[in-house]
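Construct all of the structure, not just a fragment, from the sequences and the given hints.
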Amino acid sequence: WYLCYFMHRHLDFRRAEFQALADLNGFGDAVEWRAPFGGVEHSPFHYVRLPSDDAARAIMKRSILTKGIVELWGEGNDQDELNAAIAAFDAETKARYTAEGSTFKVELEDFGKTLHGTRDDNWGPAVRRIDALKPAVEFNGRARMKGAEHLFWSIESAEGNDLRGIPSDIPSRHYFGRVVAASAARAAINTYDLKKRRYLGPTSMDVEMSLIMANMVHAGPGRVVWDPFCGTGSVLIAAAHFGAMTMGSDIDVRRVKDKRTGEHVDVWTNFKDYALPPPIALLRADLHKPPFRGAAASGAASERGACEGHLQGVVGDPPYGVRAGGRKSGGRKRLPDGTARAVPEQHRENHIPSTVPYPFHECMDDLMEQAARLLSVGGRLSFFVPGETGPNTTPVPSHPMLTLRASSMQLLSTRWGRRLVTFEKTKKYDHEAAEEAKAALTEARK
Amino acid sequence: MRLLTHNLLASNVKGTTAGFPLKLEVLVKEERSTEFDAAFLLHTLPKLNWSAFRAAAESLGVDKLPSTYPERDELTNEFLRVFHHALLEIEVQEGYLICPETGRRFPVRKGIPNMMLNEDEVD
Chain A
1 WYLCYFMHRH LDFRRAEFQA LADLNGFGDA VEWRAPFGGV EHSPFHYVRL PSDDAARAIM
61 KRSILTKGIV ELWGEGNDQD ELNAAIAAFD AETKARYTAE GSTFKVELED FGKTLHGTRD
121 DNWGPAVRRI DALKPAVEFN GRARMKGAEH LFWSIESAEG NDLRGIPSDI PSRHYFGRVV
181 AASAARAAIN TYDLKKRRYL GPTSMDVEMS LIMANMVHAG PGRVVWDPFC GTGSVLIAAA
241 HFGAMTMGSD IDVRRVKDKR TGEHVDVWTN FKDYALPPPI ALLRADLHKP PFRGAAASGA
301 ASERGACEGH LQGVVGDPPY GVRAGGRKSG GRKRLPDGTA RAVPEQHREN HIPSTVPYPF
361 HECMDDLMEQ AARLLSVGGR LSFFVPGETG PNTTPVPSHP MLTLRASSMQ LLSTRWGRRL
421 VTFEKTKKYD HEAAEEAKAA LTEARK
Chain B
1 MRLLTHNLLA SNVKGTTAGF PLKLEVLVKE ERSTEFDAAF LLHTLPKLNW SAFRAAAESL
61 GVDKLPSTYP ERDELTNEFL RVFHHALLEI EVQEGYLICP ETGRRFPVRK GIPNMMLNED
121 EVD
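Going down the list, the sequences are from chains A and B.
Using UniProt numbering, the letters of the first sequence correspond one by one to residues 1 to 446.
Using UniProt numbering, the letters of the second sequence correspond one by one to residues 1 to 123.
If you are wondering where the hints come from, they were derived from the structure by calculation, not from laboratory data.
Some clues are possibly wrong.
Stated by the list, open to error - Label pairs and their calculated CB-CB ranges:
no.	chain 1	residue 1	chain 2	residue 2	range
1	B	Asn77	A	Val396	43 to 49 angstroms
2	B	Lys29	A	Ser354	31 to 37 angstroms
3	A	Met145	B	Asn114	52 to 58 angstroms
4	B	Glu78	A	His42	54 to 60 angstroms
5	A	Val396	B	Arg32	41 to 47 angstroms
6	B	Glu71	A	Glu263	45 to 51 angstroms
7	A	His42	B	Glu58	37 to 43 angstroms
8	A	Arg57	B	Tyr69	37 to 43 angstroms
9	B	Ser33	A	Thr191	43 to 49 angstroms
10	A	Ala433	B	Lys29	47 to 53 angstroms
11	B	Arg72	A	His42	52 to 58 angstroms
12	B	Glu58	A	Arg445	44 to 50 angstroms
13	A	Glu263	B	Arg32	15 to 21 angstroms
14	B	Lys29	A	Glu263	20 to 26 angstroms
Claimed, not checked - Anything over 12 angstroms on all C-beta distances counts as not near chain B; from chain A, calculated:
no.	residue
15	Asn25
16	Thr93
17	Ala132
18	Pro171
19	Arg178
20	Gly387
21	Pro397
22	Leu412
As the list claims (entries may be wrong) - Derived DSSO-like pairs (lysine-lysine); straight-line CA-CA distance at most 30 angstroms:
no.	chain 1	residue 1	chain 2	residue 2
23	A	Lys328	B	Lys14
24	B	Lys110	B	Lys29
25	B	Lys29	A	Lys428
The beta-carbon is built from N, C-alpha and C at its ideal position, and this holds for glycine as well.
Next up, the structure:
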């Protein structure tokens with residue numbers, strides 16, 4: 001068992017992201033969880049069983065919401081209990097990481113309080129903390145602040161403090177152990193800081209959540225990830241960061257003028273600014289009228305599922321709400337007989353087709369259907385669904401080719417939130433089964 | 001737009017049955033090198049509509065691709081290089097994609113095909 005020290009953020013996403021990364025690395029079935037001390041589900045201190053240290057390292061390479069994975073040498077309610085636990089911990093393991101000739105560093109990673117050492121009292125708190133451990137563990141190596149071989153965390157959690165608006169009922173506890181791997185992936189949050197990005201929109205997905213979404217769909221080398229609501233390309237940038245090939249579409253792909261330089265900026269320039277390989281495709285297209293081979297409703301049965309397997313990930317934030325309600329192709333003005341007005345030949349080239357509102361459930365059905373058609377088996381779909389907070393209030397969509405893998409609520413207010421749902425394609429596309437399920441769903445909605 | 005994308009796209013104008021393959025009319029094209037990934041190429045190859053891909057590649061000046069879907073022993077490194085180049089390294093910047101059934105012209109601008117349908121083209 002390891003101590004899994006989570007970030008105290010996006011609480012409902014933490015284990016889901018961890019599990020997605022374990023699945024990606026092929027040891028998903030071996031992951032086991034034990035409730036945190038005190039049984040508080042949103043505690044940052046969970047216990048996790050992993051097959052090896054290498055497994056822990058593989059997770060930490062990409063995890064955005066895990067701070068670190070620790071081989072726990074001991075824990076207790078106070079220093080005496082902690083020391084007693086460490087004294088009882090496997091002597092051979094302790095000796096291996098504290099041997100003469102090695103270098104080490106102990107970091108204080110407290111939760112709910114901060115201890116600042118200063119030069120004046122010779123980094124007092126840290127030194128005192130290490131001294132307090134000495135009866136239980138002998139550090140024979142040399143302390144080194146930079147580039148130490150072995151990193152240890154001394155963690156104390158304090159009860160009752162309010163953390164960035166999240167009230168803490170995490171019980172006080174002392175932990176000590178060897179850090180197997182600590183977060184490296186969070187640096188990307190800074191790299192892609194939206195404040196420094198040249199092409200942005202009012203609904204650009206924040207960087208941290210984009211990276212989490214990219215993890216949920218296993219974006220990575222050799223995999224093609226499509227965002228059908230790509231907008232300014234935020235989620236695609238996160239997918240490209242992890243090495244995926246990207247494909248974006250939207251009903252409105254824009255270029256705007258950069259206010260400072262006067263240059264035109266768009267999704268292409270965002271990728272260029274970050275020196276990421278450009279998307280393999282950007283399209284103006286309507287998810288409701290997908291322009292893919294084999295997608296035509298009237299097409300031959302043999303052509304259906306023709307593009308199956310081209311994608312390994314589908315990810316996005318479907319349009320909903322007041323600011324950016326969904327639109328799909330369709331005519332507003334109708335001729336008296338109900339047919340759409342034809343666009344005169346000379347205007348067709350620059351004509352801007354009108355759109356009609358796109359009800360959210362219809363958009364979701366289209367998204368699920370396209371993912372079921374285009375993904376390879378084992379490929380993943382992840383998207384946001386708006387809803388009320390609280391258990392089981394958001395209906396989770398379904399599709400016969402897709403199996404739900406995760407569902408995580410992000411609170412936006414006390415009452416409203418959005419849920420990131422993640423599916424895995426578990427069966428080859430079967431048009432008849434898909435049609436049958438759709439008919440049943442339509443019937444149930446009536 | 002690269003040929004990989006071209007191979008996926010079809011016209012969805014009201015009344016079309018397949019809408020594939022779209023005819024290519026190229027006004028401006030660009031070539032830029034992209035990373036060679038043999039595993040990706042081998043995984044993509046069987047999913048392509050080969051005759052449509054080959055015809056499109058030929059219209060862009062790549063004439064070294066076999067006329068029929070390559071057999072196992074034809075998957076040489078030399079083939080993969082040509083395949084990679086045609087699939088991923090040629091970008092149509094400006095031009096048109098033309099529906100084989102209705103003749104509808106979908107413009108490609110700044111490398112982005114506009115597949116949006118007009119009011120009278122959706123049912």
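Those earlier numbered hints the structure runs against, lowest number first: Violated hints: 7, 9, 10 and 25; rest satisfied.
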